Amino acid sequence: MRVFVTGATGFIGTPVVRELIAAGHKVLGMARSDEGEKSLAALGAEAHRGSLEDLDGLRQGASASDAVIHLAYVHDWSKFAENCEIDRRAIEALGSVLTGSDRPLIVTGGLAGLAGPGQAATEDDVIPPDFPFPRVSEQTALSLKGVRASVMRLPQVHDPVKQGLIAPLIEVYREKGVCAYVGDGLSRWPAAYVLDVARLYRLAIEKAELNAKYHAVAEEGVSMRDIAEAIGRRLKLPVKSIAPEEAQAFFGWLGMFAAYDMPASSAQTRKRLGWEPTGPGLIADLDQLRVSDS
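Following our numbering, the numbering of the sequence shown begins with 54 at its first residue and continues without gaps.
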């Protein structure tokens, strides 16, 4: 297939491009800069200049391809609601040129808030109408009429350099000089190694199931206390518990997630796609965290 990939030069997008090409697919990757075009060419992909705000460009990329993987997102948490709206419009634009065809679209979503406290989210869970987060990637994709759309729900995707929401958490720890967790620190975040996630995107686009929800989860839940202690070891910072009412002041915008218990299962995904993660766990990567430039 010829696959159009948004976010093709990003942390997850780059290994997804490599994975697709290694499996014999052709890739048309969205690039926002000359540097991005060069990096895609080095991978053996064709570059398509554009951005999430360039809706005509998105339509052109999707029109020229057999399948679409939507990975791009504006990671500016100071404008979270605005960026969620940009994402919604981008998904609608991509879907508009896939309507009535069998060409698959995979969009990227998250796992927070899908299940009740202490329960592991599963692929059967549906985002409720009163969902507390403004990002509507999944809801938008699955509401597209006549589009073979599916959703990849991501956990904390990691390697020794980046770890999803944990990467900005590390910056908070550096600034505060202490690695804090809330209460007993037993709230859990699911995780997966970045190359395992890239392989899952490739398996999912090849399967092209209608309205499927996949969980890119290798570890169902890693406790915040274990995460804080691992970071503390690498940064040589003290680790302590703070009260729930202190979380917002300490973590800033991350306060909404710091005590959020959000374990997730990938049992159905593994069975349906034959996916078996083989990469290192989150704590193992945090133990190798690159700190030389700090």
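Since the hints were made in silico from the structure, they are not lab data. Keep in mind that this is a model prediction, so the values were computed, not measured. Just so you know, not all the hints are guaranteed correct.
As the list claims (entries may be wrong) - Straight-line Cα separation of at most 25 Å, DSS-like style, residue types lysine-lysine; simulated pairs:
| id | residue 1 | residue 2 |
| --- | --- | --- |
| 1 | Lys91 | Lys79 |
| 2 | Lys198 | Lys260 |
| 3 | Lys229 | Lys215 |
| 4 | Lys132 | Lys79 |
| 5 | Lys91 | Lys215 |
| 6 | Lys260 | Lys215 |
| 7 | Lys215 | Lys293 |
Said to hold, decoys possible - Quick list of the computed label-pair ranges, beta carbon to beta carbon:
| id | residue 1 | residue 2 | range |
| --- | --- | --- | --- |
| 8 | Ala134 | Gly334 | 14 to 24 Å |
| 9 | Val344 | Gly169 | 50 to 60 Å |
| 10 | His128 | Arg343 | 13 to 23 Å |
| 11 | Lys79 | Asp237 | 48 to 58 Å |
| 12 | Glu88 | Pro170 | 38 to 48 Å |
Every residue gets a Cβ at the ideal spot worked out from N, C-alpha and C, and that includes glycine.
Tested hints:
1. Straight-line distance between C-alpha atoms of Lys91 and Lys79 comes to about 16 Å, which keeps the hinted pair within the 25 Å bound.
2. At most 25 Å may separate the alpha-carbon atoms for a hinted pair to count; Lys198 and Lys260 meet this at roughly 20 Å.
3. A distance of roughly 20 Å separates the Cα atoms of Lys229 and Lys215; the hinted pair therefore holds under the 25 Å criterion.
4. Restraint check for Lys132 and Lys79: the C-alpha separation of about 34 Å exceeds 25 Å, so the hint is violated.
5. Of the pairs offered as hints, the one joining Lys91 and Lys215 holds, with about 22 Å between alpha carbons and a cut-off of 25 Å not exceeded.
6. Between the alpha carbons of Lys260 and Lys215 the distance comes to roughly 28 Å, so the proposed pair goes past 25 Å and is violated.
7. Distance restraint check for Lys215 and Lys293: the Cα-Cα separation of roughly 23 Å lies within the 25 Å cut-off, and the hinted pair is therefore satisfied.
8. Under the hint 14 to 24 Å, the C-beta atoms of Ala134 and Gly334, about 33 Å apart, miss the expected range.
9. Distance hint check: the CB atoms of Val344 and Gly169 are about 37 Å apart, inconsistent with the given range 50 to 60 Å.
10. In this structure, His128 and Arg343 meet the distance hint of 13 to 23 Å, their C-beta atoms being roughly 19 Å apart.
11. Checked against the hint of 48 to 58 Å, the pair Lys79 and Asp237 passes, with Cβ atoms roughly 50 Å apart.
12. For Glu88 and Pro170, the Cβ-Cβ distance of about 44 Å falls inside the hinted range of 38 to 48 Å, so the restraint holds.
Figure legend: structure checked against the earlier numbered hints; hints not met, in rising order: 4, 6, 8 and 9.
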